[in-house]
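Peer 1: Residue 304 is where the sequence shown starts when you use the numbering used here, and the numbers rise one by one after that.
These are computed hints drawn from the structure, not numbers from a lab. Treat the hints with care, since some could be wrong.
[Stated by the list, open to error] Pairwise CB distance ranges, derived in the manner of DEER restraints:
(1) Ala-472 x Arg-642: 40 to 46 Å
(2) Ala-357 x Arg-392: 32 to 38 Å
(3) Pro-469 x Pro-631: 34 to 40 Å
(4) Ala-350 x Arg-540: 28 to 34 Å
(5) Arg-537 x Asp-614: 48 to 54 Å
(6) Leu-543 x Pro-431: 36 to 42 Å
The beta-carbon is built from N, C-alpha and C at its ideal position, and this holds for glycine as well.
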Amino acid sequence: MESRRGRATPSRVAAPGFGAGSWWALGAVLVLLALVLWWFFREVDFAEVLEHLAGANPLWLAASSVVALAGFSARAARWRYLLAPVQPRSPFRSRFAAVAVGFAGNNLLPSGRLGEPARAFAYSRSEPVGFPAVLATLVVERLMDGGVVFLLLLATLYAPSVPAGPLPAELATAARGTAAVLTVALVVSLAVLARPAQSGRVVELASSKLPIGRLGPALSGFVAGVAEGLSSMRGWRLMLPALAWSLCVWLVQALSFWLGFVAFDLELPLTAALLTTVATALAAAIPAAPGYIGTLQAAVTIALVQVFGADPEAVLAFAVGWHAVTLPPITLIGLWHARRLGVSLVRPGGSRGEGGKVGEGGGGG
304 MESRRGRATP
314 SRVAAPGFGA
324 GSWWALGAVL
334 VLLALVLWWF
344 FREVDFAEVL
354 EHLAGANPLW
364 LAASSVVALA
374 GFSARAARWR
384 YLLAPVQPRS
394 PFRSRFAAVA
404 VGFAGNNLLP
414 SGRLGEPARA
424 FAYSRSEPVG
434 FPAVLATLVV
444 ERLMDGGVVF
454 LLLLATLYAP
464 SVPAGPLPAE
474 LATAARGTAA
484 VLTVALVVSL
494 AVLARPAQSG
504 RVVELASSKL
514 PIGRLGPALS
524 GFVAGVAEGL
534 SSMRGWRLML
544 PALAWSLCVW
554 LVQALSFWLG
564 FVAFDLELPL
574 TAALLTTVAT
584 ALAAAIPAAP
594 GYIGTLQAAV
604 TIALVQVFGA
614 DPEAVLAFAV
624 GWHAVTLPPI
634 TLIGLWHARR
644 LGVSLVRPGG
654 SRGEGGKVGE
664 GGGGG
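All chains, please: the whole structure from these sequences, using the hints.
Peer 2: Okay, here's the thing in structure tokens:
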């Protein structure tokens, strides 16, 4: 069915679902997370935390939420350069809608990263770009995010306003683990980009030795689409502006944190907001509860209490308050766009109807 714009009318497509075994695993993770958080915050006076929450300045908190929301627009602006090889003139509306759907998925689904495929689904439903290519652009995005986050980490470590001393063990371990994962992802991406045909044959050959051998040709085609989506890495014409926007994305995030500091009367320098940005970005890379609940608060506490010596109760109140005003807006916007595009974030199954196969250009039939 064609719409008046010439695109296929999107049908309902399911984001990744969970079976019974996955939910049991999630339950075990949540129990472990609850125990870790109890141990981490066992000495916090929660009555004082509530006092700090009640005394927060609502106007500054609202400003923090608005700035955080602007960061998603910056992500959509950056995505233009990563999509340019497969769609030179991608509409901002479609990019922002897909970004919102992806972050709604991150906030509502377990693990904190299941929104990424949902984001690629959403974009491929509204624009004539295949799902594998869109998904590959998100790999490039994660690589750039990692580079900028580590740049900010180095900047804060050598800033005069940051107390001297080693990084907290938790932060250092997370940084090393993230660096290792990003290195592997970069090597694999460059290999696929340099030799897409050979990479596809390797995947097809490897799959033939497994029970999924019949999927070999389809996987080979998937790799070809991924290589197409990685094309923005071929030169600096696209990478330089994308990197500039990446820096903007994370500086906007830091500004949102700093406005939250003001709301809770935390007299901390801008470098504290930068380190908080780094800590929360690293925390987002590990399995987490939906919405990063608990992990974000722990990351903020590590950055501000262990490094800057801030009051634990005030910091926890800030982390809870900032999270409470920044998570709902993008989640609601994402759910609205998911409904409009026919992308399901919660059902493990879904019907394609007349909209064509997921991953084909434009979702068209």
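Peer 1: Give a verdict on every hint.
Peer 2: Tested hints:
{"no.": "1", "hint": "Ala-472 x Arg-642: 40 to 46 Å", "verdict": "holds (44 Å)"}
{"no.": "2", "hint": "Ala-357 x Arg-392: 32 to 38 Å", "verdict": "violated (49 Å)"}
{"no.": "3", "hint": "Pro-469 x Pro-631: 34 to 40 Å", "verdict": "holds (37 Å)"}
{"no.": "4", "hint": "Ala-350 x Arg-540: 28 to 34 Å", "verdict": "violated (57 Å)"}
{"no.": "5", "hint": "Arg-537 x Asp-614: 48 to 54 Å", "verdict": "holds (49 Å)"}
{"no.": "6", "hint": "Leu-543 x Pro-431: 36 to 42 Å", "verdict": "violated (27 Å)"}
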